[in-house]
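Protein chains in written order, with this note's numbering: chain G, -3 to 263; chain F, -3 to 263.
What the hints contain is simulated information worked out from the structure, not anything from laboratory work. You may find that some hints are simply not true.
Stated by the list, open to error - Covered by chain F, according to a simulated footprint, are these stretches of chain G (three or more residues, beta-carbon under 8 angstroms):
1) 74 to 80
2) 148 to 158
3) 203 to 214
4) 241 to 248
Virtual Cβ for every residue (Gly too), placed ideally from N, Cα, C.
Number of protein chains: 2
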Amino acid sequence: MTEICPLMLKITVNAIFSCLKTIMDRDNKSILLRELLSFMQFLFKDRGEGSLLNEKLHSYIEGLISERNPLLTEMENYASVHHVPIMELAGIETMLQLLRIHRSHRILEVGTAIGYSALRMAYALPNSQIVTIERDVERIQVAEQFIQRSELSHQITLIKGDALEVEDVVKEHALFDAIFIDAAKGQYKKFFEIYSKYLKDDGMIITDNVLFKGLVAEPEIETKRIRNLVKKINEFNHWLLNHPDYDSVILPVGDGVAISKRRGESK
Amino acid sequence: MTEICPLMLKITVNAIFSCLKTIMDRDNKSILLRELLSFMQFLFKDRGEGSLLNEKLHSYIEGLISERNPLLTEMENYASVHHVPIMELAGIETMLQLLRIHRSHRILEVGTAIGYSALRMAYALPNSQIVTIERDVERIQVAEQFIQRSELSHQITLIKGDALEVEDVVKEHALFDAIFIDAAKGQYKKFFEIYSKYLKDDGMIITDNVLFKGLVAEPEIETKRIRNLVKKINEFNHWLLNHPDYDSVILPVGDGVAISKRRGESK
């Protein structure tokens, strides 16, 4: 297990030795202990955020991904500045590759946000049609502006409303080759159940955030809201991987991506 | 970055505080420092081995994978006892899912070993035909026995010889929907160049071990042999991700899996 965060551990160990050395050299030991404590708190403060992999490996993989065009880069910056959760780089590259391999043409996306993933799909799959659902009025406006500027609006249909309520609108665009679920994490099972009805026999469903920053594997979670959410994601994962009609795997890329393939063809 | 190995860090921090406490309470500080040092060495000793993920997350994902049939379990045990490198569980599940999504029927495998992955493919894709190459005489014998016992030998063709030398035999079985490269890591580029000639226009190539236990992201590697191998894998990864005819991504599953899709259809 120790190979995971060598940099982190090097820093920690260096800190320990430097603290110990100072303790050896000084008399007032309790002050040093307090200093070490606050250093430790600093190290631990952003626990639960960031990548599932160690930093070096994460950077290695991201370093191999090519540059995006200026509009997409602008969207990435917008998302970062305005704290809009868009899919992580390695996660989205994986999703696009799965869509290429599957040769998906008609795609349903639950959760447009600012339209980043929809536009990534439209660029990567020039013959695709993307139907995407968003309920947040502000994000819809931003998404519409970006989509218009991309000149790919002929590939994207934006449905405005709560994904739990717009089934009747969506089904006019069915059937879909692939469905991409990236919206309210507590509702994944419902989204899956509602929209898998409109998936082709050999279709694929991709679900984002199923490892939720690694928290699904944590036995103890302090915040009640997060604990409940993790419980729901865990239940979804077990339900999904035991679903009789789908073969599924979970990939530790981005925030954890589940890939489910309907057994229509090979069953 | 600190969320990566919370268990590890908890142990480390607990150790620091317990050591510090003892230092405070005792006089002979240098002995304590030596004890802490040896504890640190213990923590660091297996750095570079094992999973790319932290142990809990790795177990979480493996825990969601269903049981294999008795023959496959026997093969897993055989591989473990005889130190035959077969693909890691999460890696093979991902590969099978990619083959399902791609709807591959004709598959070429470079590196049979004891036939585990070939049999996993045959079970997962009942309509598939697998051509698999192995040069090690002992492993060929073991593979043949397992394949015979599986009663899936009608799906598997075993070509005996060095993958660098049996092109003429392999091409009689072409074209392939998918190629799976899992043999001598130093030869990946050659294998790719030789056999991609026999891949269909929208075919997929899967290459295992491209993150090599995370070593590709390590700046300093002690052993010369390992350092050279890592250099070759690094060169292969950069070459692959910049190849004009393929879209590729690297997944941090198992020992690192590269997925390349020929741009035949969408280019």
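Right, here's what the structure says about each hint:
1. 74 to 80: violated (count 0)
2. 148 to 158: With 0 residues close enough to chain F, the hint is violated.
3. 203 to 214: Contact hint for the region 203 to 214 of chain G vs chain F: holds, 6 residues under 8 angstroms.
4. 241 to 248: Coverage by chain F holds for the region 241 to 248 of chain G (6 residues, Cβ < 8 angstroms).
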